[in-house]
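2 protein chains.
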Amino acid sequence: MAYTKKNRLTAEEYLAGILAGDRVILAMAITLVESQLEEDRTIAEAIIEQVSNRGEKSIRIGVTGVPGVGKSTFIESFGEYVISQNKKLSVLAIDPSSTKTGGSILGDKTRMENLAKNPNAFIRPSASRLALGGVTHKTREAVLLCEAAGFDVIIIETVGVGQSEVAVRELVDFSLLLMLAGAGDELQGIKKGIMEMADAIAITKADGDNVLMSEQAKKSYQNALHLFPVADNGWLPKVTTCSALKNEGMDEIWNMMLKFAGDMRSNGFWKENRNVQQLAWMHSAIEQSLRADFYNDKHVKSVLETIENQVQKGTQTAWSAAKQLLSLFYKK
Amino acid sequence: MAYTKKNRLTAEEYLAGILAGDRVILAMAITLVESQLEEDRTIAEAIIEQVSNRGEKSIRIGVTGVPGVGKSTFIESFGEYVISQNKKLSVLAIDPSSTKTGGSILGDKTRMENLAKNPNAFIRPSASRLALGGVTHKTREAVLLCEAAGFDVIIIETVGVGQSEVAVRELVDFSLLLMLAGAGDELQGIKKGIMEMADAIAITKADGDNVLMSEQAKKSYQNALHLFPVADNGWLPKVTTCSALKNEGMDEIWNMMLKFAGDMRSNGFWKENRNVQQLAWMHSAIEQSLRADFYNDKHVKSVLETIENQVQKGTQTAWSAAKQLLSLFYKK
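Taken in sequence, the protein lines are chains Y and R.
First residue of the first sequence? That's 1 in this note's numbering, and the numbers climb one at a time after it.
First residue of the second sequence? That's 1 in this note's numbering, and the numbers climb one at a time after it.
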């Protein structure tokens with residue numbers, strides 16, 4: 001099939017490419033789904049409807065942790081292990097951008113070079129531009145597309161503490177929190193709210209001089225986790241150590257995830273969790289549609305720039321400008 | 001004036017109370033503005049329109065930093081200094097909540113006890129519940145209300161690294177990043193994207209054994225900041241040390257902010273920055289209105305619960321449910 005980045009394919013062509021596992025078409029489809037253009041949205045909706053129920057067998061894994069904990073190197077090492085177990089792996093990154101420069105906070109360094117070359121891996125290091133008008137990253141849709149393309153392990157990587165963990169929790173089956181030994185609990189944001197969102201904690205960089213400290217940290221996190229009430233699904237969060245440098249501990253983490261998947265699939269919580277996530281997705285899809293409908297509305301479009309200029313010059317307040325635009329939108 | 005928390009006041013009563021500096025009515029007005037109820041929104045809009053241009057003389061300060069850096073103790077010490085300079089201070093906290101428990105990530109500890117008792121301080125430790133349907137915290141409106149009530153220094157405190165700094169940058173005149181000495185740059189998320197958003201860095205807990213390390217950290221951050229291009233407004237980010245425990249360094253930080261305000265007011269960037277923020281606010285007000293209009297729509301309301309149940313049970317996909325609700329909303 002001949003295609004260029006600029007030519008739009010039909011929904012059928014996208015679907016055929018995705019189902020055939022074509023990584024180029026998969027990447028194009030994710031870009032399409034993220035687009036706010038009216039023409040793109042129609043095609044995107046047709047594709048998403050077709051791929052909505054193909055992820056039954058996949059495992060969606062959230063990997064979080066503060067900058068410096070070694071997320072990229074962990075994912076590279078863990079990813080290669082997972083692929084060695086005959087799995088196909090997708091890595092989607094949620095990366096808050098700098099609104100000042102448009103640059104990425106995660107940095108411009110080349111990430112996961114080896115994994116990116118592996119034919120059984122698909123890496124999407126997209127930055128969610130926090131543009132005016134709010135282009136939200138469509139990670140849920142990207143997950144579905146990857147699953148339809150045959151990727152059965154999906155890692156969603158995010159940076160930071162707080163809000164991002166909350167958001168990722170709504171997208172994944174299993175949530176892994178990476179921690180460093182000896183860095184001080186407080187500094188790592190290891191508060192109740194964050195720890196209770198993790199299904200497991202992996203202490204990274206447990207090699208060389210760090211081994212002893214990592215084992216100590218493991219014990220202290222285990223003790224801390226025991227203080228929390230048992231989750232409804234009956235899972236007791238685990239703590240492990242690992243070294244991406246030495247490729248150690250990855251088997252233990254993967255086996256733990258398989259155990260989790262097995263347990264949850266038999267007690268019904270796997271399906272229940274995904275159903276609850278569907279509800280969150282419904283609300284988020286509604287909000288994204290409302291926004292897109294608004295900014296694509298021709299009455300709004302015809303005056304938006306003028307009004308934006310007035311607001312930016314201070315000749316109209318934000319509040320009255322918003323009211324004016326909304327009344328144009330609803331008048332149609 | 002007699003009022004209870006449950007009785008709604010008229011817009012005029014709210015306004016009179018706010019302009020008289022009544023802290024109870026101010027708190028009630030912020031709650032009103034955050035409400036998604038149709039009746040509340042009408043009154044809230046009337047109030048906000050009246051207070052939109054009262055913040056000319058205020059200084060809006062963002063205080064960010066990872067958990068454990070000592071934000072609350074810093075703000076308590078800094079706040080008391082600012083009040084000693086004949087200012088009235090408001091502290092608004094943006095605190096991502098745990099969706100699992102509804103609990104606050106910042107923790108339930110009593111915060112800023114002394115400051116809270118000060119008649120010249122108003123503290124709003126609100127948690128932004130990330131509820132389904134997306135209730136967004138209306139921090140901009142809260143800022144305007146505080147300014148109208150005579151508070152001329154507004155501190156917006158937020159937790160975490162990444163997304164939250166970006167969001168706060170759009171609300172404030174001056175952005176202060178708190179850092180700990182000797183904790184490792186990487187661990188503190190001290191990436192280019194975050195540092196370039198700060199107008200100053202204050203190294204906290206510079207007391208006792210920490211003094212020497214804090215001075216060293218100050219030098220190394222100063223060197224790092226010199227590598228960045230000079231901002232359009234001509235301001236060179238400053239690095240200072242301080243101790244909330246000993247109430248040291250607060251005068252230096254406050255004077256730096258006054259210098260910044262003076263410089264920016266004379267070179268025009270103060271006004272320009274606020275105008276750009278107005279634009280961001282316009283977009284955010286539009287999105288919040290669209291959401292509220294949708295969830296308040298009577299056609300949507302009449303079926304929402306049924307459809308939510310179907311989605312949660314897995315008998316309808318999120319995507320098709322969203323489409324169905326949107327078509328009900330637009331049909332009216």
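Please note that the accuracy of each hint is not assured.
Claimed, not checked - Each computed PhoX-like pair below joins lysine-lysine, with the alpha-carbon atoms no more than 20 Å apart:
1) K331/Y / K331/R
2) K57/Y / K57/R
3) K313/R / K313/Y
Stated by the list, open to error - Stretch-level coverage of chain Y by chain R, calculated; a stretch enters the list once three of its residues show a Cβ under 8 Å from a Cβ in chain R:
4) 43–57
5) 71–78
6) 200–211
7) 257–266
What the hints assert, rightly or not - Derived CB-CB ranges, DEER-like:
8) K219/Y / E113/R: 29 to 37 Å
9) G182/Y / N233/R: 35 to 43 Å
10) K313/Y / P229/R: 49 to 57 Å
11) G234/Y / S84/R: 54 to 62 Å
12) K313/Y / N255/R: 29 to 37 Å
13) A46/Y / N53/R: 43 to 51 Å
14) K271/Y / E252/R: 56 to 64 Å
15) L19/Y / G268/R: 40 to 48 Å
16) D152/Y / E252/R: 34 to 42 Å
Bear in mind the hints are in silico, worked out from the structure with no lab data behind them.
For clarity, every value in this text was computed on a predicted model and none was experimentally measured.
Quick reminder that beta carbons are idealized off the backbone N, C-alpha and C, glycines included.
Quiz prompt | List of violated hint numbers, smallest to largest | solution = Failing hints, ascending: 2, 3, 5, 6, 7, 10, 15 and 16.
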